[in-house]
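Based on the provided sequences and hints, a complete structural model is requested.
Listed below are the residues making up each chain.
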Amino acid sequence: MEVGQMQRSLVDYTKSLFLEGVLDGQFLQLQQLQDETNPDFVAEVVSLFFEDSQRLLNDLTRTLDQPNVDFKIVDAHVHQLKGSSSSIGAQRVKNSCIAFRNSCEAQNIEGCMRCLQQVKQEYFLAKNKLETLFRLEQQIVAAGGSIPIMELSF
Amino acid sequence: MESCNCIEPQWPADELLMKYQYISDFFIALAYFSIPLELIYFVKKSAVFPYRWVLVQFGAFIVLCGATHLINLWTFSMHSRTVAVVMTTSKVLTAVVSCATALMLVHIIPDLLSVKTRELFLKNKAAELDREMGLIRTQEETGRHVRMLTHEIRSTLDRHTILKTTLIELGRTLALEECALWMPTRTGLELQLSYTLRQQNPVGYTVPIQLPVINQVFSSNRAMKISPNCPVARLRPLQGKYMPGEVVAVRVPLLHLSNFQINDWPELSTKRYALMVLMLPSDSARQWHVHELELVEVVADQVAVALSHAAILEESMRARDLLMEQNIALDLARREAETAIRARNDFLAVMNHEMRTPMHAIIALSSLLQETELTPEQRLMVETILKSSNLLATLVNDVLDLSRLEDGSLQLELGTCNLHAVFREVLNLIKPIASVKKLMITLNLAPDLPEYAVGDEKRLMQTLLNVVGNAVKFSKEGSVSITAFVAKSESLRDSRAPDFFPVPSENHFYLRVQVKDSGAGINPQDVPKLFTKFAQNQTLATRNSGGSGLGLAICKRFVNLMEGHIWLESEGLGKGCTAIFIVKLGIPEHSNESKLAFGQKMSGHGQTNFPGLRVLVMDDNSVSRSVTKGLLVHLGCDVMTVSSSEECLRVISQEHQVIFMDVCMLGIDGYDVAVHIHEKFTRRHERPLIVALTGNTDKVTKENFMKVGMDGVILKPVSLEKMRSVLSDLLEHRILFEAM
Chain A
69 MEVGQMQRSL
79 VDYTKSLFLE
89 GVLDGQFLQL
99 QQLQDETNPD
109 FVAEVVSLFF
119 EDSQRLLNDL
129 TRTLDQPNVD
139 FKIVDAHVHQ
149 LKGSSSSIGA
159 QRVKNSCIAF
169 RNSCEAQNIE
179 GCMRCLQQVK
189 QEYFLAKNKL
199 ETLFRLEQQI
209 VAAGGSIPIM
219 ELSF
Chain B
3 MESCNCIEPQ
13 WPADELLMKY
23 QYISDFFIAL
33 AYFSIPLELI
43 YFVKKSAVFP
53 YRWVLVQFGA
63 FIVLCGATHL
73 INLWTFSMHS
83 RTVAVVMTTS
93 KVLTAVVSCA
103 TALMLVHIIP
113 DLLSVKTREL
123 FLKNKAAELD
133 REMGLIRTQE
143 ETGRHVRMLT
153 HEIRSTLDRH
163 TILKTTLIEL
173 GRTLALEECA
183 LWMPTRTGLE
193 LQLSYTLRQQ
203 NPVGYTVPIQ
213 LPVINQVFSS
223 NRAMKISPNC
233 PVARLRPLQG
243 KYMPGEVVAV
253 RVPLLHLSNF
263 QINDWPELST
273 KRYALMVLML
283 PSDSARQWHV
293 HELELVEVVA
303 DQVAVALSHA
313 AILEESMRAR
323 DLLMEQNIAL
333 DLARREAETA
343 IRARNDFLAV
353 MNHEMRTPMH
363 AIIALSSLLQ
373 ETELTPEQRL
383 MVETILKSSN
393 LLATLVNDVL
403 DLSRLEDGSL
413 QLELGTCNLH
423 AVFREVLNLI
433 KPIASVKKLM
443 ITLNLAPDLP
453 EYAVGDEKRL
463 MQTLLNVVGN
473 AVKFSKEGSV
483 SITAFVAKSE
493 SLRDSRAPDF
503 FPVPSENHFY
513 LRVQVKDSGA
523 GINPQDVPKL
533 FTKFAQNQTL
543 ATRNSGGSGL
553 GLAICKRFVN
563 LMEGHIWLES
573 EGLGKGCTAI
583 FIVKLGIPEH
593 SNESKLAFGQ
603 KMSGHGQTNF
613 PGLRVLVMDD
623 NSVSRSVTKG
633 LLVHLGCDVM
643 TVSSSEECLR
653 VISQEHQVIF
663 MDVCMLGIDG
673 YDVAVHIHEK
683 FTRRHERPLI
693 VALTGNTDKV
703 TKENFMKVGM
713 DGVILKPVSL
723 EKMRSVLSDL
733 LEHRILFEAM
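Heads up: the protein sequence lines correspond to chains A and B, in order.
So the first sequence is numbered by my numbering: it starts at 69 and just counts up by one.
So the second sequence is numbered by my numbering: it starts at 3 and just counts up by one.
One or more hints might be untrue.
Label-pair distances were calculated between CB atoms; the ranges are [unchecked claim]:
{"#": "1", "chain 1": "B", "residue 1": "LEU575", "chain 2": "A", "residue 2": "ALA167", "range": "19 to 25 Å"}
{"#": "2", "chain 1": "A", "residue 1": "GLY212", "chain 2": "B", "residue 2": "GLU648", "range": "45 to 51 Å"}
{"#": "3", "chain 1": "A", "residue 1": "THR105", "chain 2": "B", "residue 2": "SER390", "range": "50 to 56 Å"}
Quick list of in silico lysine-lysine cross-link-like pairs, DSS-like style, CA-CA up to 25 Å [as the list claims (entries may be wrong)]:
{"#": "4", "chain 1": "B", "residue 1": "LYS440", "chain 2": "A", "residue 2": "LYS83"}
{"#": "5", "chain 1": "B", "residue 1": "LYS718", "chain 2": "A", "residue 2": "LYS140"}
{"#": "6", "chain 1": "A", "residue 1": "LYS83", "chain 2": "B", "residue 2": "LYS439"}
{"#": "7", "chain 1": "B", "residue 1": "LYS718", "chain 2": "A", "residue 2": "LYS188"}
{"#": "8", "chain 1": "A", "residue 1": "LYS83", "chain 2": "B", "residue 2": "LYS531"}
{"#": "9", "chain 1": "B", "residue 1": "LYS577", "chain 2": "B", "residue 2": "LYS440"}
{"#": "10", "chain 1": "B", "residue 1": "LYS577", "chain 2": "B", "residue 2": "LYS531"}
{"#": "11", "chain 1": "A", "residue 1": "LYS195", "chain 2": "B", "residue 2": "LYS718"}
{"#": "12", "chain 1": "B", "residue 1": "LYS724", "chain 2": "B", "residue 2": "LYS701"}
{"#": "13", "chain 1": "B", "residue 1": "LYS439", "chain 2": "B", "residue 2": "LYS577"}
{"#": "14", "chain 1": "B", "residue 1": "LYS433", "chain 2": "A", "residue 2": "LYS83"}
{"#": "15", "chain 1": "B", "residue 1": "LYS475", "chain 2": "B", "residue 2": "LYS490"}
{"#": "16", "chain 1": "B", "residue 1": "LYS704", "chain 2": "A", "residue 2": "LYS140"}
{"#": "17", "chain 1": "A", "residue 1": "LYS140", "chain 2": "B", "residue 2": "LYS701"}
Facing chain B, a subset of chain A residues (Cβ under 7 Å, in silico) [what the hints assert, rightly or not]:
{"#": "18", "residue": "GLY72"}
{"#": "19", "residue": "ARG76"}
{"#": "20", "residue": "GLN94"}
{"#": "21", "residue": "GLN100"}
{"#": "22", "residue": "VAL113"}
{"#": "23", "residue": "GLY151"}
{"#": "24", "residue": "SER155"}
No lab work stands behind these hints: they were computed from the structure.
Glycine residues also receive a C-beta, built at the ideal position from the N, C-alpha and C atoms.
Printed below as a string of structure tokens:
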């Protein structure tokens with residue numbers, strides 16, 4: 069595939085992510101922070117997010133599995149996850165975290181379980197999409213092209 | 003006494019003899035006495051006589067001889083003893099003197115003889131000198147003749163006068179019978195009789211130039227005697243029975259302008275000679291003298307020089323006349339051109355205003371009409387009117403722009419422009435059309451492209467829009483990609499732009515923009531025509547382009563004004579086309595960037611970079627911590643991160659100027675930290691500024707922040723612009739009430 073075509077498909081893909089709501093403007097902010105002094109900034113932050121979120125989700129699962137659910141702890145974890153995902157711009161993850169928090173305040177176990185599932189789903193979706201995105205970028209760079217700058221025009 | 007009865011001689015018989023002796027002695031004495039007198043008399047008369055002493059001696063000798071003879075008279079008769087004594091004395095004296103004289107004469111006579119020889123010698127010498135004198139006089143006279151002739155010849159620069167004068171003067175000086183000048187014809191094969199002395203209008207005699215006698219004369223620069231019977235000399239019918247006079251011929255070199263080298267005598271490489279023939283009068287026995295021949299040679303040379311001067315003068319006069327004519331013509335042309343330009347400028351000035359006014363009216367009213375209730379047919383008509391009048395307006399503007407561009411009166415309006423914004427705006431403008439045609443537009447700005455540059459923003463955008471518009475116009479489907487990057491020197495020297503040698507410098511960089519479309523493509527042969535005004539390519543025209551044909555020409559001029567280059571590449575019809583242009587833009591200094599408004603919420607004087615600002619970030623969420631850190635690093639700060647309040651309190655020092663605290667953290671930790679910081683740094687200027695990052699916007703939280711002594715609050719998520727403005731406000735005012 070030649071570079072122009074790859075760049076076009078990258079742009080399309082990114083656009084689709086935004087359209088679907090998987091990513092929001094914060095992600096663009098992150099991309100803006102990437103420059104020659106900080107060439108892998110986005111990748112680093114995103115991998116940090118993956119690690120962090122993985123850990124949090126595991127913790128959440130464990131906590132919710134216990135017979136006595138400590139909602140405070142759950143809330144804390146969810147709060148963390150919400151913070152991370154909003155920093156990254158993973159919109160849907162963040163939104164599902166907000167819903168999760170509401171369940172926590174209501175101390176609704178089923179609600180929490182449901183929300184956890186939701187959050188996990190959204191997280192894995194976002195993870196996949198982001199990994200695909202990075203793969204595409206790497207392909208373009210390997211072929212000698214440069215990453216096109218995304219312009220949000222809708 | 004017996005007296006001596008000497009025989010008293012009575013006159014004896016030889017008494018006659020005695021008488022004769024007596025008389026002779028008397029006359030001898032007389033003569034002897036008169037000779038010295040004569041001598042003395044004549045010597046006295048003559049001034050020069052070197053031998054006075056000899057003369058005296060001679061005189062004495064003669065006198066004494068005379069005396070002796072005189073005294074002899076008395077001895078014929080009885081004489082006394084006294085007489086005898088006297089006689090003896092005189093005889094003795096006479097003897098002495100005569101001997102002396104004789105001796106003297108021995109010395110003198112050779113001298114006297116040699117005097118004669120000297121006299122002869124002197125006479126010869128005098129004769130010789132006389133001869134020489136005669137020669138010199140002749141020469142001097144010749145010289146005078148030559149000078150006079152030369153003066154006459156050189157006093158004019160007119161060729162005819164020169165030649166005529168030569169002949170006349172020569173004739174007069176040398177008393178010639180006839181004098182003629184034969185000039186070579188144009189073909190150089192014949193000599194034509196051009197001037198004669200006696201005949202007023204010589205008939206055109208010609209003589210072939212290859213005659214042996216002529217060759218002989220031409221081969222030497224001396225005047226030569228020739229036979230009176232040769233063709234060049236037979237000018238007049240033979241008259242009289244006398245022998246015709248001797249004839250002399252000499253060559254006159256005809257020099258050209260090109261013969262005169264700077265430091266050289268003219269080379270006689272030109273073989274053009276004229277022949278001058280001089281004839282002595284036929285009834286005189288005169289011969290040609292050497293000095294006369296010399297005179298003729300000298301005159302011939304002078305004539306040659308004079309003729310060449312005349313030729314030079316003619317040339318220069320002709321050249322001057324030509325120049326004057328040309329000057330007049332040029333002047334006229336210039337005035338006509340000026341008039342034309344003035345007329346055009348007047349016309350443009352009028353057109354500018356007069357044409358635009360109705361145009362605006364048409365466009366404005368048609369748009370208004372569009373807004374009203376119309377039937378579909380009417381709407382179609384109005385849309386057509388609007389489209390056509392827009393096109394017309396564009397055309398008028400283009401033409402006016404172009405003529406101003408060509409005038410050279412257009413100047414770029416330089417200013418600092420946001421390159422990214424320019425590209426974005428062009429993209430926005432072109433997007434509607436592109437989406438209608440279902441074309442995909444991609445914009446690819448290189449990371450090293452400066453955000454700001456010094457240039458003419460409006461014209462750059464115009465160029466870009468034109469190029470991109472063309473790309474969109476001529477693509478029925480597919481995509482258009484715009485790439486922009488900073489051109490490095492290697493890529494600047496493009497083989498397709500061989501005249502373009504840009505030199506990047508400290509303050510400038512070259513922006514290279516490539517717009518590639520997947521449209522119909524262009525025949526490579528047509529590429530040069532595209533940039534000429536109004537030249538529509540046939541294939542382009544048939545594609546319903548609707549372009550005025552001026553767009554690319556204007557773009558080219560703008561690009562040239564920006565010291566750049568624009569060209570199109572295409573592999574052929576149907577293979578798409580790439581438009582590439584390179585322009586020179588200035589690099590703004592950092593202080594300029596701050597003057598720009600790049601966001602809505604600018605305080606107007608904030609910094610865009612905070613180099614070396616020491617910041618501490620406290621956040622327990624690793625992701626948001628690294629994001630915040632990334633933000634601050636991008637702004638140039640020196641960032642340290644901590645993840646807990648204990649760590650924060652441990653690490654905090656006077657060096658940190660700002661602390662960003664994420665107070666989404668549960669609990670009062672955030673507040674505690676703030677309180678502790680206040681306690682630790684009692685003096686205000688030592689204390690770092692404390693800024694809270696929170697997702698919570700309610701009033702209570704804010705009040706709490708203020709109570710605890712935070713200097714500011716920022717609502718998450720923080721964008722780059724927000725962080726920037728926050729920091730600049732903070733550093734300026736040392737307090738930030740809120741930045742939401």
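Each hint tested on the structure:
1. Range check, LEU575(B) to ALA167(A): about 59 Å between beta-carbon atoms, so the 19 to 25 Å window is missed.
2. For GLY212(A) paired with GLU648(B), a C-beta distance near 49 Å keeps the hint of 45 to 51 Å intact.
3. Separated by about 54 Å at the C-beta atoms, THR105(A) and SER390(B) satisfy the suggested range of 50 to 56 Å.
4. At roughly 16 Å between alpha-carbon atoms, LYS440(B) and LYS83(A) fall within 25 Å of each other, so this suggested pair holds.
5. As the CA atoms of LYS718(B) and LYS140(A) are separated by approximately 23 Å, the hinted pair is consistent with the 25 Å bound.
6. Note on LYS83(A) and LYS439(B): the hinted pairing holds, with a Cα-Cα distance of about 19 Å set against a maximum of 25 Å.
7. Only pairs whose Cα atoms come within 25 Å are accepted, and LYS718(B) paired with LYS188(A) is accepted, the gap being roughly 24 Å.
8. A threshold of 25 Å between alpha carbons decides the hint, and for LYS83(A) with LYS531(B) the separation of about 40 Å lies outside it, so the pair is violated.
9. With a C-alpha separation of about 19 Å, the suggested pairing of LYS577(B) with LYS440(B) holds against the 25 Å cut-off.
10. Restraint check: the Cα-Cα separation between LYS577(B) and LYS531(B) comes to about 19 Å, which is no more than 25 Å; the hinted pair holds.
11. Restraint check for LYS195(A) and LYS718(B): the C-alpha separation of about 23 Å stays at or below 25 Å, so the hint holds.
12. In summary, the hint linking LYS724(B) to LYS701(B) is supported, as the alpha carbons are separated by about 21 Å, within the 25 Å threshold.
13. Distance restraint check for LYS439(B) and LYS577(B): the Cα-Cα separation of roughly 18 Å lies within the 25 Å cut-off, and the hinted pair is therefore satisfied.
14. Pair hint LYS433(B) plus LYS83(A) holds up; C-alpha atoms about 15 Å apart against a cutoff of 25 Å.
15. Simply put, LYS475(B) and LYS490(B) have alpha-carbon atoms about 31 Å apart, too far for the 25 Å limit, and the pair is violated.
16. Only pairs whose Cα atoms come within 25 Å are accepted, and LYS704(B) paired with LYS140(A) is accepted, the gap being roughly 24 Å.
17. Taking the CA atoms of LYS140(A) and LYS701(B), the gap is about 24 Å. The hint holds against a cut of 25 Å.
18. For GLY72(A), the interface hint holds, the least distance from its beta-carbon to any beta-carbon of chain B being 6 Å, beneath 7 Å.
19. Interface restraint check: ARG76(A) against chain B, minimum CB-CB distance 6 Å, threshold 7 Å, status holds.
20. Interface restraint check: GLN94(A) against chain B, minimum CB-CB distance 5 Å, threshold 7 Å, status holds.
21. Interface hint at GLN100(A): satisfied, since its Cβ lies 6 Å from the closest Cβ of chain B, which is below the 7 Å cut-off.
22. Taking 7 Å as the C-beta contact cut-off toward chain B, the hint placing VAL113(A) at the interface holds, the least distance being around 5 Å.
23. Annotation: interface hint on GLY151(A) holds; nearest CB of chain B at approximately 5 Å, less than 7 Å.
24. Given the 7 Å rule on beta carbons, the hint for SER155(A) holds: about 4 Å separates it from the nearest Cβ of chain B.
Comparing the model with each numbered hint stated earlier shows that hints 1, 8 and 15 do not hold.
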